[in-house]
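Q: Sequence:
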Amino acid sequence: MTTQLHVTHPAAHAPDGRAQDQAHPVQPRHRPARTLDTIDAAIAEVRAGRPIIVVDDEDRENEGDLIMAAELANPAWMGFIVRHTSGVICTPMTAARASALELPPMTAVNEDPKGTAYTVSCDAIEHTSTGISAADRARTVRVLAEARPRPQALSRPGHIFPLIAKDGGVRERPGHTEAGVELSRLAGLQPVSVIAELVHDDGSMMRLDALLAFGREHGLVTVSIEDLVAWLEAHDDGEADGGSTAGAGASASTSTAGARPAAPALPTPVLPAPDLPGTSLPTAPVPGTSLPEAAPGAPVALPSAHGRLRAQAWTVGGVEHLVISGETPAGAVPLVRLHSECLTGDVFSSHRCDCGEQLHVALRRIAAEGGTLVYLRDHEGRGIGLANKLAAYALQEQGIDTVDANRELGFADDARSYAAAAAILAALGLDRVRLLTNNPAKIAALTAHGIAVEAREPIEVPVRVENARYLETKRVRMHHSLTAGTDGTEAAGEAIGAAGAAGTAGAASTERTGPFDQAVPFDQEVPAEQPEPTERTEPDEHTVPTEQTEPFEQMERTDMDEQRRAG
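Numbering (this note's numbering), first residue to last: 1 to 567.
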């Protein structure tokens, strides 16, 4: 359901949304309708670690801010925010948190017409350089949003400008400061946000038309403070909760502004921090969630070691993705795999992860059963890129796990978005799927975007000494379903846990037991202490039958014979 924002126009506006001076008296105000997204969609995006656009009333500032949760800020999104805004990065928070962080007001007498409550500016001390880079500023705002405030972790002054929100939130003061705190709280996150004002290339402020166009261009949800106030009023059941704006972040004090609605259990397109309390999996599409445009390329035949497949490029948001498909039987719910690009695993057969092995297991199944694999090209390192993934590897070699390595580098636990995958599946007409995955975030993402996941098909590969701790982290901290093997037992999770503990101690066994005996990938090497038998009584179950490849070889020989006869 979309909402309609009725706005007033005290001045004429150019097509790009910028105000033009008028030499004549202001005429009676025209109040055209403008389509905005829903507050539910905004909360889901904030929880997913994506910025949204929040506009206020034209009778107030008549501006739009990019707003995102501070605890999920990363260098990529911070760079985007700096590039498209005034560059002044503010972090709204509660008065209690500002006090706990020892951030006093910037001035004893606030003369700002809108009452914007700046504190002294600050930078994070740890893991930063000058404080001005996108990575440094992302690090600083995450420190400001830590569950336990650490005033000793900040230097003052700095390049980030904290703001103190009113205890009563947007219902007391309908400003972007309060909206940022409200939205982070409603998303189940720490009530600290990042806000910055959107501007044109010439530095002038964006107005409503330009803000809506910017949101469409970049696929960002756009909402109004007016709608946020209405949403809060509609969801306020008159009972106080422990998550009030006044008490959140530093103490359990109760808001003096009255009852506050609790954070709703909403579905989320991405699960950025699965081990955080308050996150939830979807049961229905997120209202107001829209899909980006997906442009198809030419489909072609793809003869492969796994069988006859077809390939097609799809472009979404300027990024080229690849769809590999097999023939799905008529009437069957198609098997679908969303595979995140992993250069080291998919191409160079790295054993630090299970990506390459999962890719080939999925391709074998799709070739045999039919279905579709969407290869997502911007997902390297769970969305942080190749160089940052290798930097995370370096941190893992110092003893921390993959989740904490991402956080140390300033990234969310999982920075991927599956909107492109959902858009491609929708364009292919696949609105019901059997999803080949262990990852609940993928189910959440497709469900949020209106793709019905009718069944989850597990995809499991062997535990190796090199990736045992990685798989254990996925199981325990990211809630991947690695608890049942292909034989229906519950031994896989225990096997991962045992191998992870042994691997950490440097003495993991290479013996593979339980259900993983049935998940040997086609390119697996046999350990030296378990030499391959000189004779095989049965073919390896994952070896591609020769009759699958003979037709291609026969076609090649036929073509060569015809060329010789023609010559």
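One should not assume that every hint holds.
If you anchor each label on the Cβ, the simulated ranges turn out as follows [as the list claims (entries may be wrong)]:
no.: 1; residue 1: 377; residue 2: 104; range: 43 to 51 Å
no.: 2; residue 1: 408; residue 2: 201; range: 28 to 36 Å
no.: 3; residue 1: 332; residue 2: 303; range: 21 to 29 Å
no.: 4; residue 1: 218; residue 2: 390; range: 40 to 48 Å
no.: 5; residue 1: 310; residue 2: 333; range: 50 to 58 Å
no.: 6; residue 1: 217; residue 2: 397; range: 34 to 42 Å
no.: 7; residue 1: 152; residue 2: 318; range: 39 to 47 Å
no.: 8; residue 1: 450; residue 2: 347; range: 44 to 52 Å
no.: 9; residue 1: 132; residue 2: 319; range: 41 to 49 Å
no.: 10; residue 1: 399; residue 2: 315; range: 26 to 34 Å
no.: 11; residue 1: 398; residue 2: 153; range: 14 to 22 Å
no.: 12; residue 1: 452; residue 2: 347; range: 27 to 35 Å
no.: 13; residue 1: 318; residue 2: 200; range: 17 to 25 Å
Bear in mind the hints are in silico, worked out from the structure with no lab data behind them. Don't be surprised by glycine CBs; every beta carbon is placed ideally from N, CA and C.
Q: Could you run down the list of hints and mark each one as holding or not?
A: Each hint, compared with the structure:
In this structure, residue 377 and residue 104 meet the distance hint of 43 to 51 Å, their C-beta atoms being roughly 47 Å apart. The supplied range of 28 to 36 Å is met by residue 408 and residue 201, whose beta-carbon atoms lie about 35 Å from each other. Evaluation of the 21 to 29 Å hint for residue 332 and residue 303 yields a pass: the beta carbon distance comes to about 24 Å. In this structure, residue 218 and residue 390 break the distance hint of 40 to 48 Å, their C-beta atoms being roughly 28 Å apart.
Between residue 310 and residue 333 the beta carbon distance is about 19 Å. The supplied range of 50 to 58 Å is therefore violated. The given range of 34 to 42 Å is respected by residue 217 and residue 397, whose C-beta atoms sit roughly 41 Å from each other. Checked against the hint of 39 to 47 Å, the pair residue 152 and residue 318 passes, with Cβ atoms roughly 43 Å apart. Separated by about 33 Å at the C-beta atoms, residue 450 and residue 347 break the suggested range of 44 to 52 Å.
About 29 Å separates the C-beta atoms of residue 132 and residue 319, a value inconsistent with the hinted range of 41 to 49 Å. With their beta carbons about 41 Å apart, residue 399 and residue 315 fall outside the hinted range of 26 to 34 Å. Against the hinted window of 14 to 22 Å, the Cβ-Cβ separation of residue 398 and residue 153 comes to about 20 Å, which satisfies the hint. Range check, residue 452 to residue 347: about 33 Å between beta-carbon atoms, so the 27 to 35 Å window is met.
Range check, residue 318 to residue 200: about 21 Å between beta-carbon atoms, so the 17 to 25 Å window is met.
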